[in-house]
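Novice: Spelled out, the chains give:
Protein chains: 2
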Amino acid sequence: MAEPTPEDSVGLVTPQVFRHRDSFALASGDTLPQFDLVYETYGALNESRSNAVLICHALSGNHHAAGFHAGEEGKPGWWDNCIGPGKPIDTNRFHVVSLNNLGGCHGSTGPTSEDPTTGQQYGPNFPTVTVEDWVRSQVLLADHLGIEKFAAVVGGSLGGMQALRWAIDQPERLHSAVLIASAAKLSAQNIAFNEIARQAISSDPRFHQGKYRELGENPDLGLMLARMIGHVTYLSDDGMRQKFGRELKSGQFGPGRDVEFQVESYLHHQGRSFSQRFDANTYILMTRALDYFDPARDFGDDLPAALAAARCKFCVISFSTDWRFSAARSKEIVNALISAGKNVASAIIDSEHGHDSFLLEIPRYFDVLSGYLNRIVMEIDDAP
Amino acid sequence: MAEPTPEDSVGLVTPQVFRHRDSFALASGDTLPQFDLVYETYGALNESRSNAVLICHALSGNHHAAGFHAGEEGKPGWWDNCIGPGKPIDTNRFHVVSLNNLGGCHGSTGPTSEDPTTGQQYGPNFPTVTVEDWVRSQVLLADHLGIEKFAAVVGGSLGGMQALRWAIDQPERLHSAVLIASAAKLSAQNIAFNEIARQAISSDPRFHQGKYRELGENPDLGLMLARMIGHVTYLSDDGMRQKFGRELKSGQFGPGRDVEFQVESYLHHQGRSFSQRFDANTYILMTRALDYFDPARDFGDDLPAALAAARCKFCVISFSTDWRFSAARSKEIVNALISAGKNVASAIIDSEHGHDSFLLEIPRYFDVLSGYLNRIVMEIDDAP
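Residue numbers (my numbering), protein chains in the order written: chain S, 1 to 384; chain D, 1 to 384.
No wet-lab data here; the hints were simulated from the structure. Be a bit skeptical, because a hint or two may be false.
As the list makes no split between identical chains, a pair holds if one copy fits it or if it spans any two.
What the hints assert, rightly or not - Here are the computed lysine to any residue pairs in the SDA-like style, where the Cα-Cα straight-line distance is at most 25 Å:
no., residue 1, residue 2
1, Lys331, Leu59
2, Lys185, Thr321
3, Lys243, Ala184
4, Lys249, Arg297
5, Lys185, Lys243
6, Lys331, Asp350
7, Lys185, Gln209
8, Lys243, Ala340
9, Lys211, Gln120
10, Lys342, His175
11, Lys249, Val13
12, Lys149, Ser203
Just so it is clear, the structure is predicted and the values come from calculations on it, not from any experiment.
Taking the hints into account, I'd like the entire structure generated from these sequences.
Specialist: Okay, here's the thing in structure tokens:
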């Protein structure tokens, strides 16, 4: 018997699939002959179809953002604390759409899918995908769902980059963009961490130049290392100190060599678990999309010029101890939006949890988010 | 023909070897039947033998700190900018002693040495070595050299931890301890980065549980990854931005998948070069010594209590953008020294170069260091 569903949950959800059966040209110059996007929706679409919110996921996210899948009642979606009845992204008010991005490994067309032109799995031959491509594929999904204009496009980290790209590329199709713990482009340090993660994967001998699945293998150790690197950089030094300190996994310091700190054991566990559930080619593809993202590139590094096309309102949220996507990077976006004469609200949230904060229930963060989205509801209702 | 030696260089130097032929008990409970320490000296020891300065190296350092080796005239020692005639550690005034630590891979007894009890290379069976062990072995070297009391024990990063341990464990044998970009213990984040580096090495299939040399192999890829991780964390985000920005190695963004950023190419080069010259077992051993270091552990985490035994003066230097051993960690040491009633000078140096700053010629840093050491000379000369 299933466990009772909490009252503030969207309850049991069933993923759906949008099957795009036309060819799709990518920014890389490559073309996909067709693609699928797996998605979920929570809350009802209103009659005027004006209350849809698109959730864009980050590096390792997927479509299952809220509620539960049958048989997995103990495992809510990755943003279940934020999406649901009465929650900041309130499913009593909004129709929430959450998808797995193109190139993903949770049901959407990606490296683990079959290439219809060859009948073989794409594997390492899946083409490079950019944030622009994601936005264009999400527009096709919106068309399919009959959503002409999103009330909000919301994303954290890489998800915020998609929201920013939506604002620039599809100015008439969103009322607001909510960018959380994001950046207008990665820093050299961020690219370096991503490259080390990719190097960890590709130098695993079980990676086989990306053809591991054909050979019935998996680069577990490389993926584990990649996740460990990511994990440490998503936490703050202070947060780790509070969570782990220098506690030993067991026993005391002293003679012998088998001393292990709690933090080591935690990272091993996180890394191992990730390597079992995430595809290595997808990880490489997603980090490349992160690295390449830079909307100002085509405007001579002039971010306000890149943002000139945007028509939506913006909400930009960052966290005090996030050093991977620091508050300073959000401030760059805010300043560029102000220079470009856009409507922007912003908040820096005090949190000890680093980049991971965007996934956590932090009262002031959720207050800012729900306050902003509640105003959006009123604006939409007032619209002619 | 050798290139001319710069006037401010100590010139050609020849490493020497201290052969300790008694057994040496380690903090781990293990015993080494004997050991060698390779070292260099620069500048003359004065008649009263009071002007000796000990240089303690960091994670990947060695004994060759200044001058040149015959046949390698283009490659000065790792701290040649700081040690020499007229330089901050002035060889016209000081007799500088620089060694390769026990467990190292540059000539001192370590994993690549032969275990005299088995006739086999130690490899992964080399015992765990702690900072306390290093200090005790350095004391034996000082005895061998007839140095009763160092004018200063100087070190950056892990080297600073040795200087701190000298102050606590050998209070009568140093006049001053100079701790640069160091910490009284690693944070959980630092331990995590070290563990990821160790994991990268040990999960390389060519590591063979540390027995790679017996099998004629080397875990190049693991060492490369370990170095890449270290390197990124030793630089600052700002410093990397200034050095690399988001410049591409070649060509333009656009269709195709072979985009590589300058920072990736730089890290690959650094990593590959390191994997050719550093022993993997030594890397693991050195990072473990870093992790375990925690002089307050035996005093109920009371650092001032741990420092009570010290008699020397202290100089504590840190750098504004160092996030691996931040200025806040040096401040902890300074505050504890003040609480313990010790004589301490300290400076935080503005630098964009992160942890690597301690190896660079930064005018204010070198002014602080030379100013402090010049006063030490006067104090020693005034001593009865």
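Novice: Against this structure, judge whether each hint is valid.
Specialist: Checked hints:
1. When the C-alpha separation of Lys331 and Leu59 is checked against a cutoff of 25 Å, the pair qualifies only within one copy, where the shortest distance is 22 Å, while the shortest distance between copies is 37 Å.
2. Taking the shortest alpha-carbon separations for Lys185 and Thr321, both the intra-copy value of 19 Å and the inter-copy value of 21 Å come in at or below 25 Å.
3. Taking CA atoms no more than 25 Å apart as the test, Lys243 paired with Ala184 passes between copies only; the shortest distance there is 19 Å, against 31 Å inside one copy.
4. Only between protomers do Lys249 and Arg297 lie at most 25 Å apart by alpha-carbon distance; the minimum there is 16 Å, versus 47 Å within a single protomer.
5. With identical chains, the CA atoms of Lys185 and Lys243 are at most 25 Å apart between copies only, with a shortest distance of 17 Å across copies and 30 Å within one.
6. For the identical chains of this complex, Lys331 and Asp350 are neighbours both inside a copy (15 Å) and across copies (23 Å), given an alpha-carbon limit of 25 Å.
7. Taking the shortest alpha-carbon separations for Lys185 and Gln209, neither the intra-copy value of 28 Å nor the inter-copy value of 41 Å comes in at or below 25 Å.
8. Taking the shortest alpha-carbon separations for Lys243 and Ala340, neither the intra-copy value of 41 Å nor the inter-copy value of 29 Å comes in at or below 25 Å.
9. For the identical chains of this complex, Lys211 and Gln120 are intra-copy neighbours only, at 11 Å inside a copy versus 40 Å across copies, given an alpha-carbon limit of 25 Å.
10. For the homomeric pair Lys342 and His175, the shortest alpha-carbon distance inside one copy (13 Å) is at most 25 Å, but the shortest distance between copies (62 Å) is not.
11. Proximity of Lys249 to Val13 under the C-alpha cut-off of 25 Å is found in neither arrangement, the shortest distances being 38 Å within a copy and 46 Å between copies.
12. With identical chains, the CA atoms of Lys149 and Ser203 are never at most 25 Å apart, being 44 Å at best within one copy and 49 Å at best between copies.
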